[in-house]
Amino acid sequence: QKEVEQDPGPLSVPEGAIVSLNCTYSNSAFQYFMWYRQYSRKGPELLMYTYSSGNKEDGRFTAQVDKSSKYISLFIRDSQPSDSATYLCAMSRGGDYKLSFGAGTTVTVRA
Amino acid sequence: SQTIHQWPATLVQPVGSPLSLECTVEGTSNPNLYWYRQAAGRGLQLLFYSVGIGQISSEVPQNLSASRPQDRQFILSSKKLLLSDSGFYLCAWSPAPLRSRQETQYFGPGTRLLVL
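Taken in order, these protein sequences are the chains called G and F. Quick note, my numbering runs 2 ahead of the 1-based positions in the first sequence. Quick note, my numbering runs 249 ahead of the 1-based positions in the second sequence.
Watch out, some of these pointers could steer you wrong.
List of simulated lysine to aspartate or glutamate pairs, DMTMM-like, C-alpha gap at most 25 Å [claimed, not checked]:
(1) LYS44/G <-> ASP9/G
(2) LYS44/G <-> ASP80/G
(3) LYS69/G <-> GLU59/G
(4) LYS100/G <-> GLU308/F
(5) LYS69/G <-> ASP98/G
(6) LYS69/G <-> GLU17/G
(7) LYS4/G <-> GLU17/G
(8) LYS44/G <-> ASP68/G
(9) LYS100/G <-> ASP68/G
(10) LYS44/G <-> GLU308/F
(11) LYS100/G <-> GLU17/G
(12) LYS58/G <-> GLU47/G
(13) LYS328/F <-> GLU271/F
(14) LYS100/G <-> GLU5/G
(15) LYS58/G <-> GLU7/G
(16) LYS4/G <-> GLU271/F
(17) LYS72/G <-> ASP320/F
(18) LYS72/G <-> ASP334/F
(19) LYS72/G <-> ASP98/G
(20) LYS4/G <-> ASP320/F
(21) LYS100/G <-> GLU47/G
(22) LYS100/G <-> ASP334/F
(23) LYS44/G <-> GLU271/F
(24) LYS69/G <-> GLU7/G
(25) LYS72/G <-> GLU7/G
(26) LYS58/G <-> ASP80/G
(27) LYS100/G <-> ASP320/F
(28) LYS44/G <-> GLU275/F
(29) LYS4/G <-> ASP334/F
(30) LYS72/G <-> GLU59/G
(31) LYS58/G <-> GLU5/G
(32) LYS100/G <-> ASP80/G
(33) LYS100/G <-> ASP9/G
Keep in mind the hints are simulated off the structure, nothing from the lab. Note that the structure is a prediction, hence the values are computed from the model and not measured.
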C-alpha cells in the first residue's frame, strides 16, 4: 500500500463547476499538508499549505484536512480553463526534510 | 523574494554519456536542497537532499550522484547515462530550520532529459 493515495483521474469539468480533489494517507504522523499545481512541462507550484486538521481558504481554493479519517481535500470554486493542470498532494511528518507525494490528478476545465 | 533556477531546460543525451544538471537558488541562505525525478504519468521520486555544503543524502541507489559545492548550488551528475535515466528532473528548496513553513518545498522549472 502506498503511503499517499491519489486518484490520477483524469477529471474533466465544465467551466464554472466546482472541482473536488482528494488524497488519503496511511501515516498518522503526518501533520503538514500541501497542494501543488503543475502545468504541463513545468515545475510544481505551491498552491495551499495547511498544518494539522481544519480548513483553509484562499480565493477560489479551499483545502480541508481530516486527520481522524486520514483524508485531505482541495476544492476549486468557479473553475476556469486556466485551472487545467495536474494537482499533487504532499504531506510531511515534520523535521525530516521529506515530503510524501500523491501521484497527481489531471484536471481539465472545458470552456 | 526567492528564485530557483535550473538548466538546461531540455537535454538529449546518448546512452553512456555523462550528465551534469545544475540548480541555483537566489534570495535565501542555507536552504535545504532536493533533487527529484518525475517519470511520465508518475509521481515525484526523491533522489537526493542536502542540508548544507558537502552534505548529501541519497534516497535511491542508482546511476546518479549529487554535489553541493556552494550554499545555494546543487548539481546532479552521472558518469554514464542509462536509458532508464530519462525523465523530468526537478530541483527544490525549503527554508533552513527554525524558519516558518520549513516543511514546504519550492520547485524549479525542471530539466527534461531524454536518453537515446
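Check: Regarding the pair LYS69/G and ASP98/G, is the alpha-carbon distance no greater than 25 Å?
Finding: Distance ~20 Å between LYS69/G and ASP98/G Cα, so the pair holds.
Check: If you draw a straight line from the CA of LYS100/G to the CA of GLU47/G, is it 25 Å or shorter?
Finding: 17 Å, holds
Next item on the list: For the pair supplied as a hint, LYS44/G and ASP80/G, confirm whether the alpha-carbon distance does not exceed 25 Å.
Entry: Holds, at about 24 Å.
Check: Within 25 Å, alpha carbon to alpha carbon, are LYS58/G and GLU5/G?
Finding: 23 Å, holds
Checklist line | 25 Å limit on alpha-carbon distance, applied to hinted pair LYS328/F and GLU271/F | finding: 15 Å, holds
Margin query: Can you confirm whether the C-alpha distance between LYS100/G and GLU308/F stays at or below 25 Å?
Written below: 10 Å, holds
Note to self: Given the hinted pair LYS44/G and GLU308/F, is their Cα-Cα distance within 25 Å?
What the structure shows: 23 Å, holds
Note to self: Against the 25 Å threshold, does the CA-CA distance of LYS4/G and ASP334/F hold or violate the hint?
What the structure shows: 23 Å, holds
Note to self: Check whether the Cα positions of LYS4/G and GLU17/G lie no farther apart than 25 Å.
What the structure shows: 33 Å, violated
Item checked: Pair hint LYS58/G and ASP80/G, alpha-carbon separation not exceeding 25 Å -> 17 Å, holds
Margin query: With the threshold set at 25 Å, check whether the alpha-carbon distance from LYS44/G to GLU275/F stays at or below it.
Written below: 19 Å, holds
Notebook entry, point to check: Does the alpha-carbon distance linking LYS44/G and GLU271/F stay inside the 25 Å limit?
Noted result: Holds, because 17 Å separates the two Cα atoms, which is no more than 25 Å.
Violated hints, in rising order: 6, 7, 8, 11, 16, 17, 18, 20, 32; the structure is consistent with all others.
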